[in-house]
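Q: So the chains spell out like this:
Number of protein chains: 2
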Amino acid sequence: MVTPNPDRRSERARRAILDAALELCRTDTYAGLTMEGIAKSAGVGKQTLYRWWPSKAAILLEAIEERAANTLEFPDTGDLAADLHTQLHALVRTVTDPLFAAYTKGLIAAAQSDPTISEALLKALIRPRVQLCIDRLTKAQHAGEIRPEVDLPTVVELLYGPVYYRLLLHTAPVTTTQVNTTLNLVLTAIRP
Amino acid sequence: MVTPNPDRRSERARRAILDAALELCRTDTYAGLTMEGIAKSAGVGKQTLYRWWPSKAAILLEAIEERAANTLEFPDTGDLAADLHTQLHALVRTVTDPLFAAYTKGLIAAAQSDPTISEALLKALIRPRVQLCIDRLTKAQHAGEIRPEVDLPTVVELLYGPVYYRLLLHTAPVTTTQVNTTLNLVLTAIRP
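Respectively, the protein sequence lines represent chains R and G. Here my numbering = 1-based position in the first sequence + 324. Here my numbering = 1-based position in the second sequence + 324.
Cut-off 20 angstroms, straight-line C-alpha distance, at most; resulting in silico cross-link-like pairs (EDC-like, lysine to aspartate or glutamate): (1) Lys429(R) / Asp438(G); (2) Lys370(G) / Glu360(G); (3) Lys429(R) / Glu443(G); (4) Lys429(G) / Glu386(G); (5) Lys364(G) / Glu347(G); (6) Lys364(G) / Asp343(G); (7) Lys364(R) / Glu335(R); (8) Lys463(R) / Asp400(R); (9) Lys429(R) / Glu347(R); (10) Lys429(G) / Asp438(R); (11) Lys429(G) / Glu443(R); (12) Lys429(G) / Glu390(G).
In silico contact screen, one side only, chain G against chain R (beta carbon under 8 angstroms); selected entries: (13) Ala355; (14) Lys429; (15) Ile432; (16) Ala433; (17) Ala435; (18) Leu446; (19) Ile450; (20) Asp475; (21) Thr478; (22) Tyr484; (23) Gly485; (24) Pro486; (25) Leu492; (26) His494; (27) Leu509; (28) Ala513.
Simulated from the structure, these hints should not be mistaken for laboratory data. The beta carbon of each residue, even a glycine, is placed where N, CA and C say it ideally should be.
Okay, chain R solo, but in the shape it has when bound (with noise of 0.2 angstroms):
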């Protein structure tokens, strides 16, 4: 007789919750989003859900964490310009999907007003993301493909400010466009 492994059991349950968070982000807002719609969704009872996470926001994070996990490295070709092209259009793509969008919106605006999920989201996904990219421009520097005085965290705000600004402020879409040719100005300013 084969015991049912309860640990196996749990993992279903989290990724069945894990999607069902990121599913409901599809049709509602952020706003609307709810613990009880979440464990509606997921097939689950609301104390399963408030066992693993206290809040909407930590499970959205988890949720988020472990997809974008999938497009943490940073592509490293030996040529700079190549390598921040590719890198660029990646988060155009995943800025530009109405889900990400949808989510990612929803916590950052969450984030204004609560240090915890602030706090939460630079550690699960900005600060990660932003070393890697730092890592890429130093191998850069030591390259001389930038010039030695250039101040790397300078140059990936440069990069990745102008998207956030578009995304937050509703000035104009993220686009492809927007991305070359802020690469193109940068990489005028940083190069020997």
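Model the placement of chain G on the given structure of chain R, informed by the hints.
A: Coordinates of chain G only, in the frame set by chain R:
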């Protein structure tokens, strides 16, 4: 006998309401702000508020628009680098003011799920400033201070994007050091 001027009385009430809304942002978050709280603090009935504005966002936007009008001029001394420096330092002063941080971040957060607030923010605050910056950059481009092929809206995003990136993602405090470093790299990118 002098008849009280109803226009003047209305203007006094209007100002009291706008001031109360801004003042409440000092002690409360945007999320905690209510029409009732603003009315009570301004010493007027809630029906007076609803007669003039549909929501707390509309009140705050009008209050911000009036205050921001004072800082609308873009300097033009004939020296592009000096003028951008002046303008970016003014921006740093504004966004590091705790009162500004409370209400603007609250409005930008609300704009993520409410297109009316988003459009009002763009119309009242962002587009007029972007246009003034583009006007100044256009003049500089005609004067030969910027290469003719440089796309000026992209330059605006390179200058302001990094500030909003720090402000809204909370990666680091906005500082004059940040905008100085950003400005130096952007000038390197756009100069002939």
